[in-house]
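Colleague: The whole structure should be built from the sequences, with the hints applied where relevant.
Going down the list, the protein sequences come from chains A and B.
Residue numbers for the first sequence, in my numbering: 1 to 372.
Residue numbers for the second sequence, in my numbering: 1 to 99.
Rather than coming from a laboratory, the hints here were simulated on the basis of the structure.
Incorrect hints may appear among the rest.
So the derived label-pair ranges between C-beta atoms look like this [said to hold, decoys possible]:
id	chain 1	residue 1	chain 2	residue 2	range
1	B	L78	A	D129	42 to 48 Å
2	A	T281	B	L78	21 to 27 Å
3	A	E143	B	R3	50 to 56 Å
Here a beta-carbon is modelled for each residue, glycine too, at the ideal position from N, C-alpha and C.
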Amino acid sequence: MAQPDHIVIGAGTVGVSLAYGLQKRGQSVCVVDGGASDFRAARANFGLVWVQGKGGNLPAYARWTAESAALWPRFRDALEQCSGIGLDYQKPGGLVFSLSEQALIDRRAVLEEIGGGALPEGVEMLDRDALQARLPDAPLGPEVAGASYGASDGHVNPLKLLAALQQGFLELGGEILWDWPVQTLRTTDDGYELTGPDGETLRAPNVIVAAGLATPGIVAPLGVDLPLRPQRGQLLVTERMAPMLPMPCSGLRQTADGTVMIGTTHEDVGLDTGTTQASGTMVAERALRILPALSGARIVRQWSGLRVLSPDGGPLYTQPEAYPGLWTVSCHSGVTLAAIHAERLAEQILAGALTGDTRHFSKDRFHVPTLA
Amino acid sequence: MFRPLPDSSEGPTVTVFVEGQPVEAYVGETAASVLLRHLGTARTTSISESPRAPFCMMGCCFDCLAEIDGKGSTQSCLEPVRDGMTIARQMSARKVVAR
Numbered sequence: 001m002a003q004p005d006h007i008v009i010g011a012g013t014v015g016v017s018l019a020y021g022l023q024k025r026g027q028s029v030c031v032v033d034g035g036a037s038d039f040r041a042a043r044a045n046f047g048l049v050w051v052q053g054k055g056g057n058l059p060a061y062a063r064w065t066a067e068s069a070a071l072w073p074r075f076r077d078a079l080e081q082c083s084g085i086g087l088d089y090q091k092p093g094g095l096v097f098s099l100s101e102q103a104l105i106d107r108r109a110v111l112e113e114i115g116g117g118a119l120p121e122g123v124e125m126l127d128r129d130a131l132q133a134r135l136p137d138a139p140l141g142p143e144v145a146g147a148s149y150g151a152s153d154g155h156v157n158p159l160k161l162l163a164a165l166q167q168g169f170l171e172l173g174g175e176i177l178w179d180w181p182v183q184t185l186r187t188t189d190d191g192y193e194l195t196g197p198d199g200e201t202l203r204a205p206n207v208i209v210a211a212g213l214a215t216p217g218i219v220a221p222l223g224v225d226l227p228l229r230p231q232r233g234q235l236l237v238t239e240r241m242a243p244m245l246p247m248p249c250s251g252l253r254q255t256a257d258g259t260v261m262i263g264t265t266h267e268d269v270g271l272d273t274g275t276t277q278a279s280g281t282m283v284a285e286r287a288l289r290i291l292p293a294l295s296g297a298r299i300v301r302q303w304s305g306l307r308v309l310s311p312d313g314g315p316l317y318t319q320p321e322a323y324p325g326l327w328t329v330s331c332h333s334g335v336t337l338a339a340i341h342a343e344r345l346a347e348q349i350l351a352g353a354l355t356g357d358t359r360h361f362s363k364d365r366f367h368v369p370t371l372a
Numbered sequence: 001m002f003r004p005l006p007d008s009s010e011g012p013t014v015t016v017f018v019e020g021q022p023v024e025a026y027v028g029e030t031a032a033s034v035l036l037r038h039l040g041t042a043r044t045t046s047i048s049e050s051p052r053a054p055f056c057m058m059g060c061c062f063d064c065l066a067e068i069d070g071k072g073s074t075q076s077c078l079e080p081v082r083d084g085m086t087i088a089r090q091m092s093a094r095k096v097v098a099r
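Modeller: Okay, structure coming up:
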């Protein structure tokens, strides 16, 4: 193989979004993917393209997220055409339920803070009656006081998104090396060299590390220290049912196939992808408080995934000064940000610098100055 | 199309209700075999609504999902008949919300 312009480490949603965006811009890109037992957040995702409530502690993240959600419809059109794979993407808006009047007041306060004193554009608060009117086929439980509604929110089949990105990238002439876990990454005179299985090597002037939780370990030998940690989320999935939820909700969404996905937990358990009965019970009980009719639904699957989290939950993009052409890209929201990764971030990588909002996503924001 | 083997149709019987109609069932047979004898199918699929009949009769294929005593998505081949049992085909996707 001729030397590519870029090597992307990681064929998950984040890595392939970038590879697809770069290849679309005339670059030659080679993606290498890890081993079969690696952690794969892209394959455990809930499937929300979600804006409301994000970025309370990081305004640039709120803007970046909103811009990606706005790019999503056109991104979908192009990707579906290129890959021939439908994504089941819809943007009907989304709901976050409140299970008491106080919770509804608190929810409004959180959103108003993000909006700088008023509800952000496209966000409205619904009382119980207004909420029930939007969910005519889903009788609400007695505790539901209302919900916040975000017009920018939507959902997608995350597995179809991943498959379409990989297929679209290949259709554009990109190359993916499967089962090619990176052993070492080192600098050369004119770029980087990766060593893979059996001592095989690859070289390129630019390397983007988008390997999820494996990212810190790949760049650590170069002296680049990335603060990322795993956080486990568990999900329940019901059998297919007639449509009852016309829009995605935080922790509750009905897929195009009719299954209802019920989430989720936030557990600090290290690299453990197991599932527990206690967590399954907890998420089921919360779902039943919102929609008691789900008590008649059968659960067909429970699974877990590991979120890739920075200390403040926002994206972590770095371009270490000492290593021109080397980038690391990680985030929790690979699905929501897929559109902007394929467009704006790919453009910035081509231009050679993080500019605008993405400057706020470097690890410098976690730097605590030492007192003199 | 289906009828019981001579051996299995001997012995005690119970009355079950297949979509409202009382029918005789043999103690020891399953709701799926009652459906096969009387209606031929158990359900239609949830998305394309194509018909399905009990197939494996041993809990593997899920093509016999039916409403047994009002409970949907029940594997009817794993449900021995009981006196008074109600059995109905499950058409299309389940509705857990009464309309």
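Colleague: Could you run down the list of hints and mark each one as holding or not?
Modeller: For each hint, the structure was consulted:
no., hint, verdict
1, L78(B) to D129(A): 42 to 48 Å, "holds, 43 Å"
2, T281(A) to L78(B): 21 to 27 Å, "holds, 25 Å"
3, E143(A) to R3(B): 50 to 56 Å, "holds, 54 Å"
Comparing the model with each earlier hint shows no violations; every hint is respected.
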